[in-house]
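Visitor: Next come the chains, spelled out residue by residue.
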Amino acid sequence: METVIEIKDLVKKYGENEAVKGISFEIKRGEVVGFLGPNGAGKSTTMNILTGYLSSTSGEVKVCGYSILENPNEVKKRIGYLPEQPPLYFDMTVYEYLSFVYDLKGVKEDKQAHITEVMEIVDIEKVSGRLIKNLSKGYKQRVGLAQALIGSPEVLILDEPTVGLDPGQIIEIRSVIKKLGEKRTIILSTHILQEVAAICDRVIIINNGQIAAMDTLENLSGAGTGEYLIRARSSFSKIKDIFAGMGRIENMGHAESGTVDVKITTDTVADKRAQIINTLVSNGVDVLMFRPVEHTLEEVFIKATGSAETEASE
Amino acid sequence: MKAIFKKELRNYFLTPIGYIFMSAFFALSALYFVQGMVYYQVASVAYILTPLNMICLFIVPVITMQLFAEEKNKKTDQLLLTVPVNVSEIVLGKYFAALAVFLISLAVTFVFPFIFFAISKPILSEVIGSYIGFILVWSVFIAIGVFISSCTESQVVSAILTFIVLFVLYSWDSLTSGVSIVWIKNILDWFSVLKRFEDFQIGLLNLPNIVYYVSVVFATLFLTARNIEKRRFN
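Residue numbers (our numbering), protein chains in the order written: chain A, 797 to 1110; chain B, 47 to 280.
Worth flagging that the hints you see were computed from the coordinates, not collected in a lab. Each residue gets a CB set at the ideal place from its N, CA and C atoms; glycine is no exception. Heads up, a few of these hints could be off.
Claimed, not checked - Anything over 10 Å on all C-beta distances counts as not near chain A; from chain B, calculated:
id, residue
1, Gln87
2, Phe104
3, Phe160
4, Ala164
5, Ile165
6, Lys167
7, Tyr177
8, Asp235
9, Arg272
Said to hold, decoys possible - Derived lysine-lysine pairs resembling DSS-like cross-links, with alpha carbons at most 27 Å apart:
id, chain 1, residue 1, chain 2, residue 2
10, A, Lys933, B, Lys118
11, A, Lys901, B, Lys52
12, A, Lys858, B, Lys121
13, A, Lys907, B, Lys52
14, A, Lys873, B, Lys52
15, A, Lys809, B, Lys120
16, A, Lys873, B, Lys118
17, B, Lys48, A, Lys904
18, A, Lys907, B, Lys121
19, B, Lys120, A, Lys873
20, B, Lys118, A, Lys809
21, A, Lys858, B, Lys276
22, B, Lys276, A, Lys873
23, B, Lys120, A, Lys933
24, B, Lys121, A, Lys817
25, A, Lys809, B, Lys276
26, B, Lys48, A, Lys901
Produce the complete structure using the sequences and hints provided.
Guide: Dropping the structure here:
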């Protein structure tokens, strides 16, 4: 797949303080990537550089092959940006505002039709005549998102799009973003782990201005832990005998009467699921539950950022 | 540039600023018109335009204060600087909007020269020269206000600072009148924005004066654009 965003050795210094310390990554067309990190990790700074709002100290940023330094306007044409605080003019109505953004971006499509289409996507047609200052926070966020969509940019950059919204609004905005992700490349920053799990294909964890982890959600949280949890109608000693030599066998107690919960930690990350089940069945053990142990995103996050306090609370 | 110009102009007439400016212009120019005609029996635009300088001194800082300070404060500059528009277009759009409010207000006072011509015989070149000079002087002062607005996030700081700078420039000639060393006086006079206005008042449109005003406007707007660009590197 074609690479849409390419960032190489990006550094941003604010005086002596290095906010971004040599970040490099690539994003392919159609990907929805979550930028995850504690507050102050460098997410917003990276996004601001990517959109041309800030200039980097060193490093290279390319969007669709255009460098932000050499062809800033070509890059900006291809990006729709929703900053952390939506850039809204409160004394305009929603339609006036979107019409201003349309003129500002110099969009060539039919004005009326384009603005109506964008308003439909984020579901704000019914407030189109209202002043932005009178809208709820959730609607303001949607108008901010609509602004980013004007001009149908290929890439959307959304900085903490659900921050400060109530749970209902969060779910609504997430579903809008998910829908948008079907056709566009999206980078979304957040410190909410569930958000990444709900929307993103891939996660980039940033901590202290550096990339701490970068992979798909499955790879980060699921496969390769080499740990399996079994509930069987049997005794711990019998199961221990069956799997002798396979790895560490731990007794996890009795959740139901007449059963035992056992955790097997194999010494390899290779997939042993089929082998374990077959061994149990061929030894005549009734298997009531079986699942590989997955790291939760929280655990991955804490491991990657080395922070004891998760910022996962919503 | 057109989009920014339209937005700013609309903003002036959506808030009371534009109307206050226009009514103050009209009320005071009417007052001085009557005073000049009835009291001094003189049909001269100088009686109208000179007092208008005082109004502008107070109102121009108000027109220019929000142009950039407000965008920075409300973080709407994140929209302006991340769309495919050059910073110079943003600066020009905002400058021309502020200038337009000034010109619209000034246009209201055109009625008085017409009355002069109807009842008396004023010198046409003086009238036209005075208006052109007045517009040029305030084009410079508005550009300075735009620049100061780009230096701060606070509208109040922007307005106060603009007022102080404009007041110093307005009073420049009287402030420097005590300087007796000729070459220093010559340099100080060169910076005087109002000295060149005197030529216009007697109907003299000389090119160096016009070039002076226009270049000061462009230099100030260029500095404004640089100032905004510079923020990206901080």
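Visitor: Quick one, are Lys933 of chain A and Lys118 of chain B close enough, alpha carbons at most 27 Å?
Guide: This hinted pair holds, its Cα atoms lying about 21 Å apart.
Visitor: Would the hint linking Lys120 of chain B and Lys873 of chain A be met if the CA-CA limit is 27 Å?
Guide: Given that 27 Å is the threshold and the Cα spacing comes to 23 Å, the pair holds.
Visitor: Tell me if the straight-line CA distance from Lys48 of chain B to Lys901 of chain A falls inside 27 Å.
Guide: Distance of about 11 Å is within 27 Å: holds.
Visitor: Hinted pair, alpha-carbon criterion (27 Å max): Lys276 of chain B, Lys873 of chain A. Please report holds or violated.
Guide: 22 Å, holds
Visitor: Given the proposed pairing of Lys873 of chain A with Lys52 of chain B, does the C-alpha separation stay at or below 27 Å?
Guide: Distance ~21 Å between Lys873 of chain A and Lys52 of chain B Cα, so the pair holds.
Visitor: Taking the minimum C-beta separation from Phe160 of chain B to chain A, is that value above 10 Å?
Guide: Check passes; 37 Å lies beyond 10 Å.
Visitor: With a cut-off of 27 Å on the C-alpha distance, tell me whether Lys858 of chain A and Lys121 of chain B pass.
Guide: Given pair Lys858 of chain A, Lys121 of chain B holds - Cα atoms ~25 Å apart, limit 27 Å.
Visitor: So Ala164 of chain B supposedly isn't at the interface. Is its beta-carbon more than 10 Å from every beta-carbon in chain A?
Guide: Holds: least Cβ distance 42 Å, greater than 10 Å.
Visitor: Taking only the CA atoms, is the gap from Lys121 of chain B to Lys817 of chain A under or equal to 27 Å?
Guide: Satisfied, since the Cα-Cα distance of roughly 25 Å is no more than 27 Å.
Visitor: Take the C-alpha atoms of Lys118 of chain B and Lys809 of chain A, compute the straight-line distance between them, and say whether it is at most 27 Å.
Guide: 21 Å, holds
Visitor: For the pair supplied as a hint, Lys48 of chain B and Lys904 of chain A, is the alpha-carbon distance within the 27 Å limit?
Guide: Satisfied, since the Cα-Cα distance of roughly 15 Å is no more than 27 Å.
Visitor: May I ask you to check that Ile165 of chain B keeps its beta-carbon over 10 Å from the closest beta-carbon of chain A?
Guide: 45 Å, holds
Checked against the numbered hints above, the structure violates none of them.
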